[in-house]
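Novice: Next come the chains, spelled out residue by residue.
Protein chains: 2
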Amino acid sequence: MRKTEMNQQTNQGENGNAEPRAKSEKEAGLFDKQLSRRDVLKIAGAGGLGLLLGGGGAYGVMAAKETLNHTVRKTSSPAGSRAPFYGQHQSGIITPTQNFLYIASFDLTTRSLADVRKLFQAWTEAAAVMAEGVMIGDTNNHLNLPPSDTGEAAGLSPSRVTLTFGVGPSFFDSRFGLSGKRPASFGDLPAFHGDALLPEWCGGDISVQVCADDMQVAFHAIRNLVRIGRGTAVLRWMQEGFQRTGPADPAGGTPRNLLGFKDGTGNPDTTDTGDMNESVWVQPQDGADWMRGGSYQVVRRIRMRIEVWDRSSLADQEQTFGRHRDSGAPLGLKDEFAPLDLNAKDSSGQPTLPMNSHSRLAHMDGKVKILRRAYSYSAGMDTKTGQIDAGLIFICFNRNLQKQFIPMQRILAKSDKLNEYTVHIGSALFACFPGTTKGGYIGETLF
Amino acid sequence: MRKTEMNQQTNQGENGNAEPRAKSEKEAGLFDKQLSRRDVLKIAGAGGLGLLLGGGGAYGVMAAKETLNHTVRKTSSPAGSRAPFYGQHQSGIITPTQNFLYIASFDLTTRSLADVRKLFQAWTEAAAVMAEGVMIGDTNNHLNLPPSDTGEAAGLSPSRVTLTFGVGPSFFDSRFGLSGKRPASFGDLPAFHGDALLPEWCGGDISVQVCADDMQVAFHAIRNLVRIGRGTAVLRWMQEGFQRTGPADPAGGTPRNLLGFKDGTGNPDTTDTGDMNESVWVQPQDGADWMRGGSYQVVRRIRMRIEVWDRSSLADQEQTFGRHRDSGAPLGLKDEFAPLDLNAKDSSGQPTLPMNSHSRLAHMDGKVKILRRAYSYSAGMDTKTGQIDAGLIFICFNRNLQKQFIPMQRILAKSDKLNEYTVHIGSALFACFPGTTKGGYIGETLF
Ligand code: HEM
Ligand code: HEM
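Just so you know, the protein sequences line up as chains A and B, in that order. Its first residue numbered 1, the first sequence is counted upward by one per residue in the UniProt record's numbering. Its first residue numbered 1, the second sequence is counted upward by one per residue in the UniProt record's numbering.
One should not assume that every hint holds.
Intra- or inter-copy, both count: the list cannot distinguish identical chains.
[As the list claims (entries may be wrong)] Below are the SDA-like pairs computed for lysine to any residue, each with C-alpha atoms no more than 20 Å apart in a straight line:
1. K384 - L198
2. K384 - D107
3. K345 - R111
4. K438 - D195
5. K334 - P190
Bear in mind the hints are in silico, worked out from the structure with no lab data behind them.
Whenever a hint applies, use it, and build me the whole structure from the sequences.
Specialist: Shown next as structure tokens:
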């Protein structure tokens, strides 16, 4: 497919397969469109599509198509580019990983499915305009009203912001009459060996994952969704994550986690539609029609014992992952992307990849794959221990939890050498809907 | 002064006045030097200057000069550039604001001034190599030792990282025999009207402010300083801040705070040496010789009541600051940088800038200036209220606290309309040392 064709396709809303993966930054031209909220401020205010929601006030969402022609401009800056919102799949799953994450889980305070539908309609409209870098709503310049957009992203570029919505297992209890729609593979996670889960980091009826290359743009998005949700949904938890400044840093490559190792090397290829259909997207034959083209998301908050890690030798650290710290290559090899050879032995006949090494165990038989999309977190000092509270917000997407994440995590929880240095303190599970097209809304297949 | 001359001067360590301010990004060429930690990994390990510290192990800090010739390369990416560490003043004060902040306060666990001196010597060496984007220490490739650098910034650019060190008023108690050295203007802050300070965000014997354009680079810096400090100093608190992705975003300008308003407009001009000597840098005639060329830093953690703010009208919001939300201009005017006219009246004879508006009150008589260098924070959900915990990490630098911050905050605490929407929950004060030159260390004028 030629570039212009792909570009057009992207504009038509088929973002799912057209998105380049992080490794091929040459293709970043695909995301060239850039838009400043400041330009939009000037043309906002007229002819918006108003949506009345909840008790908190009037929130209008300006229709994006009215403004795009005036404001789209070209740039080669990745920070300034758009990730298309509409498409067969939701964005933020196979979208090349952005630098910042906010992920929030909500509890519904309503028992009416109609309210939930209205919430997702309003969230969809807001998400679509934010993805274009447009201010939310049409009351940003009325002196006597609260502005419909909180304004802290005014003047900033879209920054490839993506918003990804899902529902948790608890959504299928008796409240909304949808218990019959719960997919067979989608129940609460089993308890895993070593779990030290804190209720404040677990569960939730519905979820939003926001990713962007600008932390302020990401904050703005989650904050405005929380605001729109008032009266219908309350926050249950919110987590913030980061990785190194990717595309902007010419020295970039696979990002490193806070244990200093490259993280993401063994991920499946998001540009390979076959692989994605195999491991990520729910297929027609999987049942639960409303999830076709969607994906199941696992969120684990994993604290790192960085002080313990910092005292262990380089050899210990490399044995833990089964990879070299410097290059990211499997032990004994030089190329980061060399395949793991589970049969390789060293001169004394020992396996080169230790039996309890993280990469080896997570690799399983080489056929079970998940799509990881993790971020680092640091959350100040732990007031109990006086140590830095930091770790990994582990996020992965699966076509079927029973066949992918659950058996994998069972093995890791039992045998992974990495467990000496980590502790799982949060856990949540969401069924992330398929995408939608203009005029539709995320969740329409279910509600 | 011609550019090449300035460039040389910068290399010679006179960073203080040569740094461009955020507004003049054209001058960013000054910070062109870029260096990848990955290149350095290869040449590290030989001939380093070893420093033995505390009980936690051996930490070597490689002398930067041995590697620079091999690794410095040119780029036009602001994310990749260096902020010089050595100079008359510490970096991170008048350095154009980077995108991310980590600020940590420590309590000393030693009573020996020699230990404190060793700590600052080791911190200085580590800071200098991190500012160059170099890995800390010379044991990063020894299999049997813990790596001297924790590695998560390997391969990343220096990202204009700055490290700024200070001591709090408590440092001058009886422990180190330095009570006679406490500057007359440097005592604990008075209690201000409305203060709701939480001990966990207050005080500290010593401090490090880390700023960088890459959050992972900033995290790496603070984490490694914490590590080096083990056995001598323990964390008291650590705060994380952000602003929008500045230089990388072509739509950038004055950043907005989380109330949606441009923040920083009224700051003095950091490129004006006269202004900086007047308001920021301690002068010979100020006493406390060891602070000459240093500056007094105030850190206030100010929580925003964003839900209340979000319900107030645009008129209310603009009256609160005395400025327009969209343009940042003083009320009634169009230009963001137009001077505040305290005498302006509207058609009904009322002051255009409300008497209790934040800008008006903070402007005082127009002669008292502080240098603000604030960052936004978001810290997940407040588990008590279910609301987003977000606000401003207010940081400012002063030549004399008694004449600048304290009278200003007295007025604001009493009358500022902004107080309806904010609450001060943390407070700390540090005397930030003057800079140092190669071979010296930060703090040498005092210890
Ligand atoms: C703090 C916790 C964790 C850290 C620091 C971590 C880090 C890493 C690292 C450094 C690698 C090697 C590079 C790569 O292939 O990306 C890796 C591989 C992998 N990890 Fe993790 N991981 C963590 C938790 C988990 C969990 C909970 C799972 C799933 C249950 C998981 C699944 C995988 C998989 C599937 C691979 C690729 C294996 C292959 O090569 O096929 N990881 N991880
Ligand atoms: C959450 C708390 C605060 C917020 C959101 C805030 C925000 C702002 C904003 C939007 C402006 C106008 C634009 C500008 O000139 O930068 C401003 C000005 C200013 N603020 Fe604040 N501020 C806060 C706290 C403080 C505090 C605690 C002080 C000092 C005690 C302070 C001192 C100043 C000064 C000196 C100015 C410039 C006034 C002038 O034009 O001369 N601010 N602030």
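Novice: Take the hints in turn and mark each one as holding or not.
Specialist: Tested hints:
{"no.": "1", "hint": "K384 - L198", "result": "both (15 Å within a copy, 15 Å between copies)"}
{"no.": "2", "hint": "K384 - D107", "result": "between (28 Å within a copy, 15 Å between copies)"}
{"no.": "3", "hint": "K345 - R111", "result": "neither (59 Å within a copy, 53 Å between copies)"}
{"no.": "4", "hint": "K438 - D195", "result": "neither (42 Å within a copy, 49 Å between copies)"}
{"no.": "5", "hint": "K334 - P190", "result": "neither (38 Å within a copy, 60 Å between copies)"}
When held up to the earlier numbered hints, the structure conflicts with 3, 4, 5 and fits the remainder.
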